[in-house]
Amino acid sequence: MDSRRHILSVTVENEPGVLSRVAGLFSGRGFNIESLNVAPTLEEGVSLMTITTVGDEAIIEQIVKQLRKLVVVIKVVDLTEVKSVEREMVFIKVHAEDGKRAEVLRIVDVFRCKVVDVGLDELTVEATGTKDKLTALITLLQRFGIKEIARTGTMAMKRSMQDLPA
Amino acid sequence: MELNGAQVLLECLKREGVEVVFGYPGGAVIDIYDRIPESGLTHILVRHEQGAIHAADGYARASGKVGCCLVTSGPGATNTVTGIATAYMDSIPVVIVTGQVPTPLIGNDAFQEVDIVGITRPCTKHNYLVKDVKDLALTIRRAFYLARSGRPGPVLVDVPKDVQQAKVKFRYPDDSEIRMRSYNPTVKPNVKQLRRLAELILKARRPLIYAGGGVISSGSSAELTWLSQTLSIPVTATLMGLGCFPADDPLWLGMLGMHGTYVANKAVQNADLVLAVGARFDDRVTGKVSTFAPKAKLVHIDVDPTSIQKNVQVHLPMVADCFSALTDLKEEMHKHLGTVDFAADHADWVAQVGAWREEHPLRYVSEPGVIKPQFVIETIRKLTKGEAVICTEVGQNQMWTAQFYGFTTPRSFLSSGGLGTMGYGFPAAIGAQMAFPDRLVIDIAGDGSIQMNIQELATAVCHNLPVKIVILNNGYLGMVRQWQELFYEKNYCSTCMAAQPDFVKLAEAYGAAGFRVEKPEEVEATLKKAFALKKTVIVDVRIPAEENVYPMVPAGKSLTDMLLV
Ligand SMILES: Cc1ncc(C[n+]2csc(CCOP(=O)(O)OP(=O)(O)O)c2C)c(N)n1
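So the protein sequences, as listed, match chains Y and E. Numbered per the working numbering, the first sequence finishes at 167, counting up by one with no gaps. Numbered per the working numbering, the second sequence finishes at 930, counting up by one with no gaps.
Treat the hints as calculated values from the structure; they're not laboratory data. These numbers were taken from a predicted model, which means no experiment stands behind them. Just so you know, not all the hints are guaranteed correct.
Cβ-Cβ distance ranges computed for the label pairs, FRET-style [as the list claims (entries may be wrong)]: (1) 42/Y / 534/E: 29 to 39 angstroms; (2) 153/Y / 477/E: 54 to 64 angstroms; (3) 118/Y / 921/E: 40 to 50 angstroms.
If you want the ones that stay clear, here's a sample from chain Y, every Cβ over 12 angstroms from chain E, calculated [claimed, not checked]: (4) 6; (5) 38; (6) 64; (7) 86; (8) 130.
Glycine residues also receive a C-beta, built at the ideal position from the N, C-alpha and C atoms.
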């Protein structure tokens with residue numbers, strides 16, 4: 002069976018140990034977490050975890066069921082099964098000595114990202130986009146020398162219009 | 366009414382129906398122990414916390430109620446972990462209360478502090494740390510609710526010492542408060558699936574029921590038996606399912622899997638419909654999983670969705686509590702009883718199964734002057750008429766018991782199936798004896814396993830519990846030795862128990878009775894004498910050193926690859 006990347010949106014009770022229960026489930030059963038985001042929702046006491054993971058259908062089915070089995074998990078949606086929007090954000094601190102700066106800025110422009118901090122010979126770039134876009138940006142900037150990188154995991158949300166033609 | 370946390374805890378236990386608590390005191394639970402005498406609860410003081418958790422587990426398995434165990438923080442708590450994992454693997458409802466260091470000290474590496482909630486997260490159904498006495502009553506209620514509902518399991522509640530001491534105005538939470546939006550154990554079977562199942566049964570010509578522990582925990586033996594007998598469907602069961610169907614019924618095939626009977630494994634491999642009820646396709650049952658039941662449509666009824674499609678892809682999954690599923694199925698099948706002659710439809714199959722049974726029945730080779738372990742089990746069966754509660758340790762003793770006792774009623778066979786915990790049987794027998802003071806409770810043991818919790822002799826003697834221990838003494842860690850013999854060129858490394866206590870003297874030293882049996886003709890008389898005594902008894906039965914358990918399907922092989930006697 003084909004291994005695919007899945008984005009799981011997991012609504013949980015926000016109580017101590019929740020993260021460890023979820024993370025422990027993955028490690029204990031040999032499942033893989035590619036990225037994980039957690040933040041509170043509008044509802045008090047409820048948090049949303051967005052987990053990206055890789056596996057064939059049987060593995061993903063197990064992961065979803067195992068997550069649902071946790072007493073602290075309220076809801077699990079596999080966003081790969083529906084139409085969804087997905088984004089990641091990254092900060093990249095890149096070398097930008099005088100001779101290179103203009104070229105770095107041009108790339109920043111093309112990718113419609115922002116410079117959020119400037120140093121004598123470096124820039125910090127903020128970018129938002131799909132995983133693929135950010136990977137492309139990082140690849141392009143790599144030849145100037147990336148000093149530091151901080152990247153969120155994937156965030157995703159189900160689209161309002163599910164029935165439109167693809 | 367103003368109570369302290371300790372009183373709240375004990376009051377809640379009582380209202381949950383707890384009568385007996387198995388435990389061991391310590392600094393972090395002394396406040397709870399301070400209130401036990403006035404609580405009306407019976408406390409059984411064990412000699413090691415592993416004994417407490419296994420006893421609570423044995424109590425639960427024998428009675429169907431939730432078992433309860435109370436231990437102190439740190440080492441007291443960690444000593445229960447093996448028992449918690451044992452209960453978890455076999456889906457046994459137990460509530461474990463652990464003391465914890467006072468809340469201000471948590472995280473400081475305080476004396477006897479361990480993160481028991483962290484340690485037991487992967488081996489409990491759920492667990493709690495109670496940080497405020499106001500949450501205590503609701504937490505205890507939820508712990509019992511979780512332990513007994515859905516797929517049952519152990520739930521741990523960690524209660525810091527200052528929470529035990531804090532005062533609170535006691536109010537018992539009502540049922541509506543227990544419910545959790547994040548926990549909805551599915552119970553009722555889907556009607557469409559039920560109809561599809563009925564159709565599959567109607568079409569099948571070689572149907573087989575493969576029953577597991579879920580039939581016992583859901584209390585649906587009667588429904589299962591009805592289904593089998595009315596529709597003329599042969600039944601096999603896992604180790605955990607033994608007793609869910611009467612072994613004296615002609616449709617009973619015996620246990621399946623690694624040490625299953627020839628007929629049960631043959632039936633699985635040739636059936637055209639396998640109805641798995643409350644079982645989970647464990648590797649010890651399926652053998653090489655890709656070759657399991659190759660000719661069959663598989664139906665899987667289980668209350669836990671994660672069990673379904675985990676090890677085996679089934680044709681018809683049905684998430685439901687076995688009791689509801691079998692009850693509804695019974696109703697559905699009733700519609701066809703007038704028009705379909707199930708006995709005739711399945712006659713060839715039942716005859717075929719009967720032929721396999723005769724071809725290779727369970728058997729052993731008797732030798733003059735030698736006590737065969739299988740003969741000991743048969744004798745125990747004869748003397749108890751199948752009415753005893755039988756516990757086992759782990760290894761050959763467990764498999765011989767499973768094969769030769771012939772269980773006829775649910776909750777009469779207590780054994781660590783999923784985890785295979787040596788040292789389980791004796792404390793579990795203590796728990797079962799507490800649940801049924803008037804029944805005969807026997808632990809069938811190996812000489813290795815019994816030494817893992819032998820200290821509980823003091824517990825049994827102290828509480829006048831007439832538990833019988835029958836040691837099938839081969840001087841070896843027999844099951845491991847069997848593997849070494851068959852698959853490791855008889856390299857008997859570290860499986861010979863060369864130094865052994867004199868079990869008779871040991872029993873006597875504890876104030877129990879001890880007998881030794883060395884001749885086959887003494888077996889029955891000695892067991893009879895032991896069973897009649899109103900005392901804790903050890904019977905040390907000397908069996909051959911190198912007797913093996915057969916049939917055997919070597920690990921990873923297909924169920925057709927059986928080694929026979
Ligand atoms: C706590 C624990 N440790 C180790 C094992 C591995 N093990 C499985 S069977 C067995 C031998 C048991 O020997 P004994 O109790 O003498 O029983 P016999 O097989 O001889 O009947 C061992 C060591 C286990 N199941 N549990």
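Outcome of the hint check:
1. Hint check: residue 42/Y to residue 534/E, Cβ distance near 33 angstroms, so the stated range 29 to 39 angstroms holds.
2. In this structure the hint that residue 153/Y and residue 477/E lie 54 to 64 angstroms apart at CB is violated, the actual value being about 41 angstroms.
3. At about 58 angstroms, the beta-carbon gap between residue 118/Y and residue 921/E misses the expected band of 40 to 50 angstroms.
4. A cut-off of 12 angstroms between C-beta atoms confirms that residue 6/Y is not in contact with chain E; the least separation is 21 angstroms.
5. Consistency note on residue 38/Y: stated as away from chain E, and its beta-carbon is indeed over 12 angstroms from all of that chain's, at 20 angstroms minimum.
6. Separation of residue 64/Y from chain E is inadequate, the least Cβ-Cβ distance of about 10 angstroms not exceeding the 12 angstroms criterion.
7. The beta carbon of residue 86/Y sits about 26 angstroms from the closest Cβ of chain E, which is more than 12 angstroms, so the claim that it is off the interface holds.
8. The non-interface label for residue 130/Y is consistent with chain E: the shortest C-beta to C-beta separation is roughly 33 angstroms, beyond 12 angstroms.
Violated hints, listed in ascending order, are 2, 3, 6; each of the other numbered hints is respected by the structure.
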